[in-house]
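When the letters of the sequence shown are read in order and numbered with this note's numbering, they come out as residues 1 to 172.
Accuracy of the hints is not assured; some may be wrong.
In silico DSS-like links for lysine-lysine, alpha-carbon gap of 27 Å or less [as the list claims (entries may be wrong)]:
| # | residue 1 | residue 2 |
| --- | --- | --- |
| 1 | 29 | 9 |
| 2 | 96 | 124 |
| 3 | 59 | 96 |
| 4 | 123 | 59 |
| 5 | 107 | 96 |
| 6 | 36 | 77 |
| 7 | 9 | 36 |
| 8 | 169 | 148 |
| 9 | 36 | 102 |
| 10 | 102 | 148 |
| 11 | 102 | 81 |
| 12 | 58 | 102 |
Cβ pair distances, simulated, as ranges [stated by the list, open to error]:
| # | residue 1 | residue 2 | range |
| --- | --- | --- | --- |
| 13 | 58 | 165 | 25 to 33 Å |
| 14 | 92 | 15 | 16 to 24 Å |
| 15 | 76 | 10 | 39 to 47 Å |
| 16 | 164 | 25 | 33 to 41 Å |
| 17 | 147 | 25 | 42 to 50 Å |
| 18 | 63 | 114 | 25 to 33 Å |
Keep in mind that the hints were calculated from the coordinates and are not lab data.
Just so it is clear, CB atoms sit at the ideal spot from N, CA and C, and this is done for glycine as well.
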Amino acid sequence: FHNTNLTDKKEKKIYFCDVTFNKMSQLVKKEKLNYKLTTLEETLNLVNHKIHLYIEIKKSNYDLDKFIDAFLPLITKYAPKYDVVIHSFSHTILEKTIEATKHLNIKYGLLFEHIEELNSASKKLINSINYLHPEDIMLYKYSGKIFKYNLPINTWTINSTNTIDKLNKINN
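Start from the sequences and build out the full structure, keeping to the hints where you can.
Below is the structure:
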């Protein structure tokens, strides 16, 4: 899931962080929602190094250490070949995840929608990531400040040709 919640048939939001995977599966089945839930392990088996996998670890109401303890054996077994990118808006999440997975062939990216989120990143974090992942509008406003980090840039999903034209003009 890209989002942090889904909406049931009564238009009630159900937040993933508030329920277990099993409970969410039961809700999807009960509500007859058009969602296909897979575990991370099922997703890794499905992908099987055929494509790059971008894993965003979102800030939410969960125990990060428990998450990393559950995540680490799965991603270690997968044996990334620099085809997995872990990214987050949270400096803490990235720092802890990088520390736990630095022995694996994983890439890391910093998501941000405000220039302060980039500027406040520690030098250690900046030196540990492989790319920046800004909202596209950040490139219009702060291209110089972003480019000074000399890291590859992967913008958020672009939904219009107008945005692509604007981004192309930055490089020309």
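Open item on the list: Of all the hints numbered above, which does this structure not satisfy? Sort the numbers upward.
Closed with: Violated: hint 9 alone.
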